[in-house]
Structure formats: structure tokens, C-alpha cells
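Trainee: The residues making up each chain are set out below.
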Amino acid sequence: MREGIVGIRRSRMPFMISVFSVAIALLVVGVGVLSVDNGLQYIGDMQANYDLEIFLKNDISTIDSRELADIINEYPGILRMEYLSKEDAAALYNAEFGEDVLSLLDDNPLPSSFRITFEEDYRSAGYIHSFIQSVNILNGVDEVIFKKDLFEKVQGIMKLIYTLATAGLFMIILSTVFLTANNLRLMILARYEFIETIRLLGASDFMIKSPFFLEGGILGFLGASIAVLAIILMEISLAYYHIIDLPVRIMNHPELILGLLVFGVSLSSLGVLKAVRRMLRFVA
Amino acid sequence: MREGIVGIRRSRMPFMISVFSVAIALLVVGVGVLSVDNGLQYIGDMQANYDLEIFLKNDISTIDSRELADIINEYPGILRMEYLSKEDAAALYNAEFGEDVLSLLDDNPLPSSFRITFEEDYRSAGYIHSFIQSVNILNGVDEVIFKKDLFEKVQGIMKLIYTLATAGLFMIILSTVFLTANNLRLMILARYEFIETIRLLGASDFMIKSPFFLEGGILGFLGASIAVLAIILMEISLAYYHIIDLPVRIMNHPELILGLLVFGVSLSSLGVLKAVRRMLRFVA
Amino acid sequence: MIQFKNVHLRFDSGISLRDLNFDIKSDEFVYLFGDSGSGKSSILKMIYMDFFPNSGSVSVFDQDSSYTNRGTIAKIRQRIGMVFQDFKLLADRDIYSNIALALEIQGMKTDEARRKVFATADDLGLRTKLPLYPHELSGGEQQRVALARALVISPDILLVDEPTAHLDETASAVVTEWIWKAHNRGASVVFATHNEQLIKRDPARTITMETGQIILDRE
Amino acid sequence: MIQFKNVHLRFDSGISLRDLNFDIKSDEFVYLFGDSGSGKSSILKMIYMDFFPNSGSVSVFDQDSSYTNRGTIAKIRQRIGMVFQDFKLLADRDIYSNIALALEIQGMKTDEARRKVFATADDLGLRTKLPLYPHELSGGEQQRVALARALVISPDILLVDEPTAHLDETASAVVTEWIWKAHNRGASVVFATHNEQLIKRDPARTITMETGQIILDRE
Ligand SMILES: Nc1ncnc2c1ncn2[C@@H]1O[C@H](COP(=O)(O)OP(=O)(O)OP(=O)(O)O)[C@@H](O)[C@H]1O
Ligand SMILES: Nc1ncnc2c1ncn2[C@@H]1O[C@H](COP(=O)(O)OP(=O)(O)OP(=O)(O)O)[C@@H](O)[C@H]1O
Ligand SMILES: [Mg+2]
Ligand SMILES: [Mg+2]
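These protein sequences, in sequence, are chains A, B, C and D. Per our numbering, numbering of the first sequence is gapless, rising by one per residue and ending at 284. Per our numbering, numbering of the second sequence is gapless, rising by one per residue and ending at 1284. Per our numbering, numbering of the third sequence is gapless, rising by one per residue and ending at 2219. Per our numbering, numbering of the fourth sequence is gapless, rising by one per residue and ending at 3219.
Treat the hints with care, since some could be wrong.
Unchecked claim - In the DSS-like style, the derived pairs of lysine-lysine whose C-alpha atoms are separated by at most 25 Å in a straight line are:
1) Lys3025/D - Lys274/A
2) Lys2181/C - Lys1209/B
3) Lys3181/D - Lys209/A
4) Lys3181/D - Lys3005/D
5) Lys3088/D - Lys2088/C
6) Lys1057/B - Lys57/A
7) Lys2200/C - Lys2075/C
8) Lys1209/B - Lys2075/C
In short, the hints are calculated from the structure, not lab data.
Isolated chain A, as found in the complex:
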């Protein structure tokens, strides 16, 4: 029995438990950051589709529509302008409804159109309204449809997601820091005998703190490395099984890897240092 107990004390169990905790904490942080990034990217992609659709008169010639495109393109703030011919529109319609409804008709009733996406800075209701007004009176323009509803809803959702995600991430990082700090405090508490004894043998506070600081750094580095490896593994298996196609991956973002490592190392070494300091003060 004594052997067993002493075995536990001799073993690096508290250290390994702490490494494991840091790894989990950083895994959560890393996955959190990546999820938010990926989510925003995905929604951003969808939104950037187009803001405005300008339908042209049915009888407009190709040359006239080219001219019109040039005029419209002069307006400031246009990020992208896409021309949809009558045929493109028909193809789209068919694709949307899954049937070749239009081929039953003699004539293609769908108009040709421009789809316009504004630059971020110009995407305000005021500017878009004045844009619509001036485009509306151009020759060959039949109707301008501002996808305001969609636009504003997506904006609203994005804002909500962004707020929630940022708040959530912040909270998760914070609680992660707390939980890890608690873990490290417990780890240090379990070493009171060691601290007491070497102090009685003449170790200065600095001599007591520095190896713990170093140990904390190593612990954090190990934890962070495990977290990064786990994330990479997750990404690889997501890709391998074609579950989801992530636009943002940690493998392409060394700064994120570095960030996690730095965060892990500093969190652990400072956490351990703080716990030891508190203990040294406690036992003054």
C-alpha cells in the first residue's frame, strides 16, 4: 500500500493531468476560433452573392446592354457586376425548380439582367437607394430589384452570430484560463512538501519559483502541441470523409498555431508561477 501511494507521489501524474487539461482547454479555444472564422467566411460567401438585380427591357439589343453595363460600371462602390442573359436566367430558373418549365413555352419570358454586388463600404441603405433611383431612369432598364430583405436579414444574422460567437469565444477563453489556473493551483498545492523542504534547506524564492516556471512552460508547450495536433487530425479526417469543406484551416494559418503555443506556454508558466507565489506568501 505505501508503495502504491508513494508511487503516485513519485509519478508525474499531477503533471500529466495538467498537460491534459491545458490540451483540452487549448483545443476548445482553437476549435472555437476556427469555427467562428469558418462560419463567418461561409456566411460572408453567401452574402457576397449579389445585392441588387437590374432587369433589362425585353427588347434590348446586346450592343445596348453592353453600353448600359459600361455606364453602370462607372458608378462608385461596385465590387462585382455579372451579366445574366435571357438564356442564363432560363437555365437558373430551371435549375431552381428542377424542371424545364420554360421549354414548354414558345418564347423565353425571362428578362436579361445585371447582378451587382457593392463594396462593403457602400453597402448602406442610403447609397443603394440613390443608386437605384439613378439607374432606374437609364434607357433599357426595366426594373431594379433591391434584395433588401435578404440583405438586411443576412446582415442581421451575421451581426448576431458575430456577437454571440465573439462573446462565447471570449467567455470560453476566460473560463479556460480559470479552469487551467485552478488545475495548476491544485498541482502546486500537492507539492507543498517539496516547497517546504527545499525552503528549509535554504532555497531562495527565486530558486523555488524558477523550476516551477520552467515546468509550467514545458507543460503548456506539451498541452498546446497536443491541442494543435488534435485539431490538425480533426481537419484531416473532416476532409478525408468529405464531411465539410472548411475554408479556414489551421494548417494554412501558422500564426494560429503559434498563437496557441504562445498562449499555452504563457498561460501555464504564469499560472504556475502565480500559484507558487501565492503559496510562498501563504507559508511566509
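Dock chains B, C and D with the ligands against the given chain A, drawing on the hints supplied.
Mentor: For chains B, C and D with the ligands alone, kept in the frame of chain A given last:
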């Protein structure tokens, strides 16, 4: 110095640290669940606006449009149907563009319409398509506009959010369980001396385990209570400062409070029990 | 009561206890005498089933330790009072609780336990120390607390490992007196010591150890 | 070297050490003799600045403990070898590391430290125990490890608290011999004990304590 050290050992520090950890963990879980609920509710509200707009012929009489409404209402799966008169449409238009553009014209060119929202179960592209087809041929119907784009995008976003949020929540709960379990393991490791000694004095495994189990339960209860109180405080201050109006609140969901308490108590008591068991096996 | 038959105990370090054979009856008082490192504590550990022989058998209360499960070991230990060489007091409990712990484990009601703890503390001159914590006591005082914890349960077997190492003549005499009193009340006692003086003062059967072997066993 | 002037030390428990006055010079060997609970360990704790007097002054190496900061206390302790009554060996380090620890703290290079650890272990008959862990040693062996850790740093002051409590005659003689050798090499020694025999064998100045007071101080 000895006094200080022994003071730490005598104090309930590891216990308090663990309570704190459980509280943070459950706070994260609780806020996570509530955020996802609130987010989904909010998005759901936005989406439920309407799915389909049926524009009526310009010359339709009020009586005819009433009749039409009755016919359409017969279709299955309609959650909500809203009639927009020409005047309503004009008011909306003005509201959207901020100016009384239409009053400049002699006649109101906007048609009256029905806005239809489908029940969740009927909100499939297939059903909506067949609905459009049969409504289109009704007398008095000019055009049916399926807000497919918006609909699908919101659906897509919701699905993404739902997936991410569920996965995130799952991961957070899982890591929370792990971190708390680690914390409890460290707490128990620090008690090896106690366990060793009472075992030598003839305490059976059951006698060793049961007080720890109880202590774990108390710890979990305290932690969960703190978490619930913190969440309620957060909700109150959010409401007090009018920062956000939450549709889902923990105060209105006793089952969530109960859930957190049960989760906290069982997590801690079982976590402690598991740690003690492992230790008892270790020191066999 | 306690029976060692051809007991061998080998440690990883290469050191071993060899060919131990003896019987201790239920009303015996036995000194386990030997130099430092001769194996006294190891024998006591085999009796309270912390160590198990590599060969041969150790029986206590007619239970062979090699075939006894953990639940039964716990019950056997409840009938054994032990004074460990390093005391094993709990630093986070006061002296009262440390002594009462042994009774708690036996499931004794608080009132009776209370009376017993106070009585035993009085016997060993520890009354004023009850509210203190172990680190507030001197080495000798801690040793007496360890004995109080062993005596309070009125054990059937009393194992004491150098119980006077930290005590002066007077205190030592008090402690041995109470150990003898426990013996007179019916406990078999195994008293491990390196101190010949002690044995001369209160002679009894003495098992003498030398580097892991019994070299003498006589009254 | 060590100077107690009108020292009073009161514990929360009400017990106190009163009016302690003595000087220990740099080449002295002093026994601190007294019954269990008389205050021997408390005096040693004041010398290594773990306890501080409530009034009066304790000076070590001409530093008044009441006006010494933590950094300086650490440096003073590096010049003091201590054998604690409860040994204070680190359970998670083997004997070699336990002894080497004292040298590590002084920043000694590994090679020299290694030589010193082996030499000291040889002196005290611990050579074969170096790779073991404290729990694998007998009580007396652990006590000798504690002494080895104190001697290995060639201290200017050697404080030993009942260093033979767990030792038989022979081992006890070896241990006291090495304590005397350290003294002969220039260390001042304070030897706390309750054992009159020891003092008779190797007489020296003896400060006798009784319930917190010095009742005798003579060669
Ligand atoms: N767990 C262990 N692992 C390895 N060796 C051990 C272990 N326990 C004891 N020993 C060795 O067995 C020998 C006898 O130890 P034991 O503690 O029984 O001696 P002892 O007679 O009680 O001595 P002391 O009077 O010094 O306490 C010692 O040399 C010790 O090193
Ligand atoms: N930290 C403390 N708090 C309260 N009382 C204490 C403390 N330390 C020691 N005492 C008391 O002071 C008295 C002297 O203790 P000390 O340890 O100095 O005795 P000692 O002479 O070393 O005895 P022993 O030979 O038994 O080790 C004892 O009665 C003890 O209870
Ligand atoms: Mg022993
Ligand atoms: Mg003492």
C-alpha cells in the same frame, strides 16, 4: 512556515478551488445552451416572417380576394396567411425607402397580396413548388413570388449555425467534464495521506468512498448553484441595461436550472468517486 | 493469534527477511528486538497485512493474509491497534479527531467515542492537547497521540513500533505502563524496539532479529 | 555564532518558552537536553529562523532573526545543516537526490556534488541505499539519510534533533562519531536529545530545559 503549510492542508482550499471550477464549467454550459436557444429562436423569428408572396390582379374586388383567401387557406401546411392591401403595400414601400414616393403618382401601382408562412414540416422545396403551381392557376392571382433565395439561405445559415452550435456545445460540455474530472482527480490525489491512513486503521473501501462521494455531491451542488445564480445575474443586468432582449431565459426554464444542478451534482460526485476508486486500485 | 510459518519476504532492493517462524498467542507480550534495518517494521507490516510474504504464510486471527480479501483485511485491522514508526497522524485534523478517527472507523456512536477519547487522552497526559493540531505538538507528544489512537479501540492485538523513541525516561515509563495495561486487559502485544534497556526494565518473551533473520526467541 | 537574548516565544496554545539566554560560539558542541515537550525543537526552529521570538532577540551569524529578510534567511540556512525530528525526506526522490538536493540548493556543480554525496553516504553506511526511495528504508536508515543531507554541505552550524532516536547502540555510535567529526572540522553543533546516556558517553556543554525554561547550562 510549517503553520502556513499545514494551514493550507487543513483549509478547504482544494475543495473551494474545485467548487469554483465546477461553477465555471457549468456557467459555460448554461450560457452555451441559452445562447444557442436564444440564437435559434431569434433566427427562427426572422425566418418565420413569410415564405411566399401571392400578388393579386390589380382589378380584383375585395369580395373576390376574400374568396381567394378562403380557397388558399384550405391548402395544408399553412401556418400563417396575412393579407396586404394596396394601401398596406404602399405604406410598406414608403417605410422601406423612407420617402413617400408613391404619393407623387396619381394611382397606386402596387398590387395587393397574401403573405404566406408554411409550417415547419411543409417547408420543403417540393411541396412549395406544387403549391405555387396550383395557386398560380387560380382566378385573380397575378403572380406568386417564392422567396426561395432568402428561404434557402436562411435555412442554410440556420443549419450551419445549428450544426456548429450543437457541435460546439457538445465539445464544450465534453471538455468541461474532462477539465472538472481532472480537477477532482487532483483534489483526490492531494488526499492520499488521508486515504492511506484511514485504510491502515481499518476503513473499508466503502467507508472511504462514501464520504468522498457525498463531498463530491455537495461540491457539485455548490458549483451549480453559483453557476445558476451567475446566469440569473447576467440576465438581470442584460435586461436592466437594455443590452439585448432575450427570448429564452433561465428564470422561465426551471427544467434548465434543475438540469444544471443534476449535471453538477452527478458530474462531481461521480467524478470524485471515480478518482477515489482509481486511487484505491492504485494503492491496492 | 499471530502465526508466521516459513515466511520469506524479498524486496526489490535485494534485501530479504528469511525463514521466519513463530507463534504469538492471544495473551502474549512479545518484544521484537533488533538493530536498525533488521526487519522489525517489516514483520509488523506483514501482521497488519500491508506486506505479504513471498512464500510461507502469515496468519492473523486464523486468517492467512495471502488469501484474505480487502474487506476482511479492513475488519482485521479494526481489531489491531498500531503505533506506526512515523506516527501517521492526519495533519488536517486536531488531536481529538485523530484519536476519534479510529473509533469512527469502527462505527462507534459519538457519545461513547467521546468518553473513550477523553479517557485515553487523560491516561497519556494529552488532555490539554486535544484541540491542537499535530504540527503544534512536540515529537514525543505526537508519539503519545499515536499510541492513544491505538489504545482507544481496546484492540485484540497491539502493534507498537519504537513507541518510546522520542520520549524521555519518565514519559517512556508512562507509555510502557499503558502498553502493559492493555496487555493485562487481554491484548497480545508486539513491541518492536532497538532499546535493550526497555526490555531489561520489563522483561518478556523477546524475538531477536539480525539482518532479516530470527536469531533468538526466548522468554 | 548563535545568540539568544531574553527570548520569549508564546504559542497560541498558551505554552511558552521563557527568558532564554545563551551564547554558542563557533567551535562549540552543545547538548540541548530536556523532557518531551520541554522546548528543544522550538529552540532549533528559532535558530534556523522558522520560528521568531515574540520578544528578545535570536542572532545567528550576527543576523538578528527578527530583522532578517527572506533572501538572507535562505542564505543563512545554506550554512546550517539540519536533521529534523521528522526527517523531512522527499518521498518522490531517491536517497541520492535527497542528499544531493542540499548541495544543489547551494549551486554546486554536479561532479563535485556527486563525489560528496557518495563520500557522505559511505561514512554513514548508506552506499547501497542511494538508488532507493525513502519509503524503502527502515526508520533508522531514513534518520541516517537525514544526517547525511545535513553533513554533506559541510555546514558552519549543525543542528540535530534527536538524531539517534531510531538507532540501536552501534548505529547510534557511528552517527554521534560523525557529528563529532563535523564539530572537529569547525562546525558548531547543537544536539537536541532526551537521552542522558548519550551525553554521558560524550560529555559536552549541556543546556537543560524544563517546560520552556533553561534550568541548567554547564560544561
Ligand atoms: N518497501 C521496501 N522496499 C525495499 N526495501 C525495503 C522496504 N521496506 C524495508 N526495506 C528494507 O528492509 C530492511 C528492514 O527494514 P525494516 O523497516 O523492517 O527495519 P527495522 O528493523 O524496522 O529498522 P529500524 O529500527 O531502523 O526501523 C531495511 O534494510 C530496508 O531497507
Ligand atoms: N506551533 C506550535 N503551536 C503551538 N504549540 C506548540 C507549537 N510548537 C510547539 N508547541 C508546544 O511547545 C512545547 C515544546 O515543543 P517542542 O517541540 O519544542 O518540544 P521538544 O522539547 O522538542 O519535545 P520532544 O522531545 O517531544 O520533541 C510543546 O508542549 C508543544 O506542544
Ligand atoms: Mg522500523
Ligand atoms: Mg522535539
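Trainee: Decide, hint by hint, whether the structure agrees.
Mentor: Comparing the hints with the structure gives:
1. Pair hint Lys3025/D plus Lys274/A does not hold up; C-alpha atoms about 42 Å apart against a cutoff of 25 Å.
2. Of the pairs offered as hints, the one joining Lys2181/C and Lys1209/B is violated, with about 36 Å between alpha carbons and a cut-off of 25 Å exceeded.
3. Taken as a hint, the Lys3181/D and Lys209/A pair is broken in the structure, with Cα atoms around 36 Å apart against an allowance of 25 Å.
4. A hinted pair counts as satisfied when its Cα atoms are at most 25 Å apart, and Lys3181/D with Lys3005/D does not qualify at roughly 29 Å.
5. A distance of roughly 14 Å separates the Cα atoms of Lys3088/D and Lys2088/C; the hinted pair therefore holds under the 25 Å criterion.
6. Between Lys1057/B and Lys57/A, the direct Cα distance comes to roughly 22 Å. Compliance with the 25 Å bound is thereby established for this hinted pair.
7. The hinted pair formed by Lys2200/C and Lys2075/C fails the criterion: a straight-line CA distance of about 35 Å is larger than 25 Å.
8. Distance check on the hinted pair: Lys1209/B and Lys2075/C sit about 16 Å apart at the alpha-carbon level, within 25 Å; holds.
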